[in-house]
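Undergrad: Read off the chains here:
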Amino acid sequence: MGFEPTLLARINKPNSAKLEGYRADGGYAAFEKALKDKQPLDVVTQVKDSGLRGRGGAGFPTGLKWTFLPKDHPGPIYLCINADESEPCTYNNRILMEKDPHQVLEGIMLSCYAIKSNRAYFYIRYEYGDAYRTLQAAIDECYAAGLLGKNIFGKGFDLDIFLHRGAGAYICGEETGLIESLEGKRAWPRIKPPFPAIEGAFRKPTIVNNVETMACVTQIMRRGIDWFKSMGVPPDPKNPRDAGSYGPKLYTLAGHVEKPICVEVPMGITCRDLVEKHGGGVWKGRKAKSVNPGGLSMGFLDCNAPLKGEDGKTEYDIPLDFNGPGKVGCLGLGTAAVTVIDDQTSMVDVLHNVCQFFSHESCGQCTPCREGTGWMLKITDRLRRGQGRTEDLDVLVDVADRIGIIPGTTICGLSDGAGWPVKTAIRKFRKEFEDAIRDGSKSKYARPLAMAGAH
Amino acid sequence: MPTVYVNDTPVEIGTRKLNCVQAAELGGVLVPHYCYHPGLTVVASCRMCLVEMGELKDGKVTMQPKVFPGCQTPVKDGTVIVTGEYDKRKPAPALPYDPAYKPGERAKKSQADTLEGLLLNHPLDCPVCDKAGECKLQDYSYQFGRTESRLVDEKNQPPNKPDLSSKITLFTDRCILCTRCVRFTREVSGTGELQVVGRGHHEEIDVFPGFPLENKLSGNVVDLCPVGALGSKDFLYTQRVWYLKTTDNVCGNCATGCSTHTDTNKDIVYRLRARENHDAQGYWMCDEGRWGYHHTHSPDRITRPLAKGADGVLRPTPWQQLQVRRQFEDAVYVTARRAVVVLSPNLTVEEAYALGTAFKKLNKELRLALGPVPVVGEDDHYPKNVRGEYVPPAKFTIRAEKCPNRLGVEAVLTKLQGEVIRFADVVREDLNALWFAGGYRDPEFVNAALPQGWKAPAHLLVQDLFHSKLTAAATVVLPATTAFEKDGTFVNHAGLAQSFPRAVKSGPEVRGELQIAFDLAGRKGLATVAAVRKDLANDLPQFAALAELKQPTASKKVELATV
Chain A
0 MGFEPTLLAR INKPNSAKLE GYRADGGYAA FEKALKDKQP LDVVTQVKDS GLRGRGGAGF
60 PTGLKWTFLP KDHPGPIYLC INADESEPCT YNNRILMEKD PHQVLEGIML SCYAIKSNRA
120 YFYIRYEYGD AYRTLQAAID ECYAAGLLGK NIFGKGFDLD IFLHRGAGAY ICGEETGLIE
180 SLEGKRAWPR IKPPFPAIEG AFRKPTIVNN VETMACVTQI MRRGIDWFKS MGVPPDPKNP
240 RDAGSYGPKL YTLAGHVEKP ICVEVPMGIT CRDLVEKHGG GVWKGRKAKS VNPGGLSMGF
300 LDCNAPLKGE DGKTEYDIPL DFNGPGKVGC LGLGTAAVTV IDDQTSMVDV LHNVCQFFSH
360 ESCGQCTPCR EGTGWMLKIT DRLRRGQGRT EDLDVLVDVA DRIGIIPGTT ICGLSDGAGW
420 PVKTAIRKFR KEFEDAIRDG SKSKYARPLA MAGAH
Chain B
0 MPTVYVNDTP VEIGTRKLNC VQAAELGGVL VPHYCYHPGL TVVASCRMCL VEMGELKDGK
60 VTMQPKVFPG CQTPVKDGTV IVTGEYDKRK PAPALPYDPA YKPGERAKKS QADTLEGLLL
120 NHPLDCPVCD KAGECKLQDY SYQFGRTESR LVDEKNQPPN KPDLSSKITL FTDRCILCTR
180 CVRFTREVSG TGELQVVGRG HHEEIDVFPG FPLENKLSGN VVDLCPVGAL GSKDFLYTQR
240 VWYLKTTDNV CGNCATGCST HTDTNKDIVY RLRARENHDA QGYWMCDEGR WGYHHTHSPD
300 RITRPLAKGA DGVLRPTPWQ QLQVRRQFED AVYVTARRAV VVLSPNLTVE EAYALGTAFK
360 KLNKELRLAL GPVPVVGEDD HYPKNVRGEY VPPAKFTIRA EKCPNRLGVE AVLTKLQGEV
420 IRFADVVRED LNALWFAGGY RDPEFVNAAL PQGWKAPAHL LVQDLFHSKL TAAATVVLPA
480 TTAFEKDGTF VNHAGLAQSF PRAVKSGPEV RGELQIAFDL AGRKGLATVA AVRKDLANDL
540 PQFAALAELK QPTASKKVEL ATV
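Those sequence lines, one after another, are chains A and B. Going by numbering that gives the first Met the number 0, the first sequence opens with residue 0, and the numbers climb by one from there. Going by numbering that gives the first Met the number 0, the second sequence opens with residue 0, and the numbers climb by one from there.
Incorrect hints may appear among the rest.
Calculated lysine-lysine pairs in the DSBU-like style (CA-CA distance at most 30 Å, straight line) [as the list claims (entries may be wrong)]:
no.: 1; chain 1: A; residue 1: LYS443; chain 2: B; residue 2: LYS533
no.: 2; chain 1: B; residue 1: LYS59; chain 2: A; residue 2: LYS191
no.: 3; chain 1: A; residue 1: LYS237; chain 2: B; residue 2: LYS101
no.: 4; chain 1: A; residue 1: LYS237; chain 2: A; residue 2: LYS184
no.: 5; chain 1: B; residue 1: LYS154; chain 2: A; residue 2: LYS441
no.: 6; chain 1: B; residue 1: LYS265; chain 2: B; residue 2: LYS307
no.: 7; chain 1: A; residue 1: LYS70; chain 2: A; residue 2: LYS237
no.: 8; chain 1: B; residue 1: LYS108; chain 2: A; residue 2: LYS326
no.: 9; chain 1: A; residue 1: LYS35; chain 2: A; residue 2: LYS326
no.: 10; chain 1: A; residue 1: LYS149; chain 2: A; residue 2: LYS115
no.: 11; chain 1: A; residue 1: LYS326; chain 2: B; residue 2: LYS101
no.: 12; chain 1: A; residue 1: LYS191; chain 2: B; residue 2: LYS75
no.: 13; chain 1: B; residue 1: LYS394; chain 2: A; residue 2: LYS184
no.: 14; chain 1: A; residue 1: LYS191; chain 2: B; residue 2: LYS16
no.: 15; chain 1: B; residue 1: LYS383; chain 2: A; residue 2: LYS191
no.: 16; chain 1: B; residue 1: LYS166; chain 2: A; residue 2: LYS191
no.: 17; chain 1: A; residue 1: LYS35; chain 2: A; residue 2: LYS98
no.: 18; chain 1: B; residue 1: LYS394; chain 2: B; residue 2: LYS414
no.: 19; chain 1: B; residue 1: LYS16; chain 2: B; residue 2: LYS166
Residues of chain B clear of chain A, computed beta-carbon distances all greater than 12 Å [to be verified]:
no.: 20; residue: THR8
no.: 21; residue: ALA91
no.: 22; residue: ARG105
no.: 23; residue: ALA111
no.: 24; residue: GLY209
no.: 25; residue: VAL323
no.: 26; residue: LEU365
no.: 27; residue: GLY417
Ranges between beta-carbon positions, derived for each pair [to be verified]:
no.: 28; chain 1: A; residue 1: GLU182; chain 2: B; residue 2: LYS87; range: 40 to 46 Å
no.: 29; chain 1: B; residue 1: ARG15; chain 2: A; residue 2: HIS163; range: 37 to 43 Å
no.: 30; chain 1: B; residue 1: ASP124; chain 2: A; residue 2: GLU390; range: 54 to 60 Å
no.: 31; chain 1: A; residue 1: ARG185; chain 2: B; residue 2: HIS277; range: 28 to 34 Å
no.: 32; chain 1: B; residue 1: PRO9; chain 2: A; residue 2: ARG446; range: 54 to 60 Å
no.: 33; chain 1: B; residue 1: GLU377; chain 2: A; residue 2: ASP400; range: 53 to 59 Å
no.: 34; chain 1: A; residue 1: GLY223; chain 2: B; residue 2: PHE210; range: 54 to 60 Å
no.: 35; chain 1: A; residue 1: GLU182; chain 2: B; residue 2: HIS277; range: 27 to 33 Å
no.: 36; chain 1: B; residue 1: HIS277; chain 2: A; residue 2: HIS163; range: 41 to 47 Å
no.: 37; chain 1: A; residue 1: THR344; chain 2: B; residue 2: GLU275; range: 56 to 62 Å
Note that these hints are calculated values from the structure, not bench results. We put the beta carbon where it would ideally sit given N, CA and C, even for glycine.
Given only the sequences and the hints, what does the whole structure look like? Please build it.
TA: Here it is in structure tokens:
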């Protein structure tokens, strides 16, 4: 293949999480160089020109986000690292944090230098105990080595990184929900504007970036823009709003594959290639029925649906860049967590599982999401108990269509993510649902639904 | 002039900073809302106020492709607001919309969707719900909702929480999670008892175990609740709201003088609610005032005139036999310098003026004294912090001065005799006659003002609500009226004069203070405030505006003569 992983280059080395190992591989040279030779603005420009888009899910250009900070702000400015990796089937940040924490930390240092922040909050989900301990050890090493603290490299730049452990809620991964949680409140996403870059954590300008984005920043500063742009997909000339999908990307494979794995490949690999070449194909020799291209909230592909205008290709062949999944009705690339569903799995069960997750994780602030996710759960529960009605499918699609920030009915994007899998599943697999309703077949996994009680 | 277009109607907003809900209101269009309350922070979570928005620029309208929460979105010059009720708009020339754009369609669907969502887990128990009739969920469902629910599944049935506080109960299943109550306890009272527990559709309002909703402003959460979730135990199951008659009134329990709505039925007060008045107190009122109307219907009240017989026992006596005026005239005749008339700070300005002038007419040398001014503790400012300390700026204050009209009565006294004589100064004198116009809701306020070893004057005429040490020694006891039983004007701690109408009738054998003043003065005609206000306007020009009042309720800042 000729592709050398960079973000994951060090993960299988012995002592990959240790500072000396990282330094032996040229670690922190980029940070030292930036501090000695570059102005913060140069770092911002380099990241901006590299075309790096946030790896957290929405794919917002990172450098552009940094420029939204108020100019000449007296400070403090905060950087928050979003390591609340709660999207189902996603574990690419975890690999980075557990196996190569210094790569992420160097990215944080570079980013803080770029946005003139002296304090970074690393918000890590509670369930990542190993990652938490590894990161804390790495941060301690950095303090001991003078890479963090006061007057780093004698250049007058101070930086502290605080590792903050969340308490286990999906909504804490929403950037303003994360900020609220960091401030010690219930993680209810804030209304925007003001955006965090203007008023974020502790009412100060704040940038929230993903862990993988930070690792990319490290590599961009080390290897340059040209290296980064040598991979991936250039902008679609027909779409003026497309910023392109450059660089390497960590894809995680989960679900019904032979080999669930996290791989690093250039942006734009097709779904089929990823599953067949890297995941060892669908398990037990079965065929893929549906694929979830990037975390549950992105919706489903129908692996047998032909792609319009491209002979012999199906939705299974779409490229996994920031635009690819969108072309077949999915929300986007999301976290690039590819989940495969084999042809012997009932979509009714899949959908019920999805609805269970989002109804459980809805923060309950906005009415459409709070009630909509709960209602969808009740309907899908009825479907899997064999008591569905055909009109339920229309209700599900109607509810899924009307919740979210895209129609404008909620504060955050959780409910877009809750609605998308429902509407894509029903639109793409309607016949299966209708058959199940007609047969009155009961799912073998059906259990009574908890009707009351705290989460 | 900055102009906003609400359903095509241009609305000039001036320099004000408004959101869509407020701007639409200016244009006479209701944008329904639950979580938004002008006295609380904006959370934009109920999603009832969804509107379509766009901009009119260079003769072209560009509409945004989604809906916006009206409470959160500010308007500026050229903003175009299209609500779900576009089809019921006032006639106005249509704006140049894109021909493909269907005004109001999205907003209408979104609002109906929100209501459908809110009703999913809301029980259909309106027949037994206290809020029915004034419920925003009922009103908006009727106006903006769909007629049928598509829900066939079971509703969530969280258990009720009757012990949220000693005064307030929570019907958890009726709650629509607007979080107004939570924000109130965090932002206004600062006590923060309420919170949201659980997640998603299992979310509930709750208190922390062992920390019930006990603060002095807690009753406001009942007013704030747009549905029947939070109920005042005081009012619960007493009246259907459509039987209630609402009078705009003023609370007489402290010097803050909160504007209130008094809800009555058949001359019984059932409920007090805060009335928004930024000159007076703002949006809120305290629990002491809210539930402090029970003295009005107390069985202990003095309801008929009593006179002391030869055996020293107070007996009910018909008004005709009392000869109040002659009795007092005789006493004053002996020596006017040993006679005092006490006008309490519970009287209205009109009553104090009418009584004062009547007595001065009786005998010029009669002294008028200001009745006891009850003070309990210190002024209590809100919000508090977790330690119960006040954190400025004040959003609400409960005054230590537990009477409504000290400044008003002082102004009258100053005018009539040039000075204000304190009760504490005259009560120690060796008096021959004392007229005490009280109206104290708590007899302890009167008892506390009497010094140890106090000797009753030979002629003691007391008009009050309750029996006290004073009435025990009185020769004649007359029933008084509460603030609910009369028209009048109170001047609050800041010199704000608020006039109010009568909410309920007093008992059949009660003669109001104003009537007694007319009787004393031998004045003919109906004893109405309008008659007094004319004279009052001549004598005290600061109250001149009252004479021209058309509506019974008005508040006006008056400049009072300094005392």
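Undergrad: The structure should be examined with respect to each hint, and the outcome stated for every one.
TA: Comparing the hints with the structure gives:
1. A/LYS443 with B/LYS533: violated (86 Å)
2. B/LYS59 with A/LYS191: Distance of about 27 Å is within 30 Å: holds.
3. A/LYS237 with B/LYS101: holds (29 Å)
4. A/LYS237 with A/LYS184: violated (44 Å)
5. B/LYS154 with A/LYS441: This hinted pair holds, its Cα atoms lying about 22 Å apart.
6. B/LYS265 with B/LYS307: violated (33 Å)
7. A/LYS70 with A/LYS237: violated (34 Å)
8. B/LYS108 with A/LYS326: Holds. B/LYS108 to A/LYS326 sits at ~27 Å (cutoff 30 Å).
9. A/LYS35 with A/LYS326: violated (45 Å)
10. A/LYS149 with A/LYS115: holds (14 Å)
11. A/LYS326 with B/LYS101: Judged against 30 Å, a Cα distance of about 27 Å means the pair holds.
12. A/LYS191 with B/LYS75: Satisfied, since the Cα-Cα distance of roughly 17 Å is no more than 30 Å.
13. B/LYS394 with A/LYS184: holds (23 Å)
14. A/LYS191 with B/LYS16: holds (18 Å)
15. B/LYS383 with A/LYS191: holds (28 Å)
16. B/LYS166 with A/LYS191: violated (37 Å)
17. A/LYS35 with A/LYS98: OK: A/LYS35 and A/LYS98 at ~28 Å, within 30 Å.
18. B/LYS394 with B/LYS414: Answer violated: B/LYS394 to B/LYS414 is near 34 Å, above 30 Å.
19. B/LYS16 with B/LYS166: violated (38 Å)
20. THR8: holds (23 Å)
21. ALA91: Per Cβ check, B/ALA91 is outside 12 Å of chain A; nearest 25 Å; holds.
22. ARG105: violated (8 Å)
23. ALA111: Its Cβ does come within 12 Å of chain A, the nearest being 10 Å, so this is violated.
24. GLY209: Fine: 18 Å to the nearest Cβ keeps B/GLY209 off the interface.
25. VAL323: Holds, since 63 Å exceeds 12 Å.
26. LEU365: holds (64 Å)
27. GLY417: holds (56 Å)
28. A/GLU182 with B/LYS87: 40 to 46 Å: holds (44 Å)
29. B/ARG15 with A/HIS163: 37 to 43 Å: Given about 41 Å between the Cβ atoms, the range holds.
30. B/ASP124 with A/GLU390: 54 to 60 Å: The hint (54 to 60 Å, Cβ to Cβ) is violated, given that B/ASP124 and A/GLU390 are roughly 27 Å apart.
31. A/ARG185 with B/HIS277: 28 to 34 Å: 31 Å Cβ-Cβ, so the 28 to 34 Å window holds.
32. B/PRO9 with A/ARG446: 54 to 60 Å: Between B/PRO9 and A/ARG446, where Cβ atoms are some 59 Å apart, the hint holds.
33. B/GLU377 with A/ASP400: 53 to 59 Å: holds (58 Å)
34. A/GLY223 with B/PHE210: 54 to 60 Å: holds (59 Å)
35. A/GLU182 with B/HIS277: 27 to 33 Å: holds (32 Å)
36. B/HIS277 with A/HIS163: 41 to 47 Å: The hinted range 41 to 47 Å holds for B/HIS277 and A/HIS163, with Cβ atoms some 42 Å apart.
37. A/THR344 with B/GLU275: 56 to 62 Å: holds (58 Å)
The structure fails hints 1, 4, 6, 7, 9, 16, 18, 19, 22, 23 and 30 (numbered hints given earlier, in ascending order).
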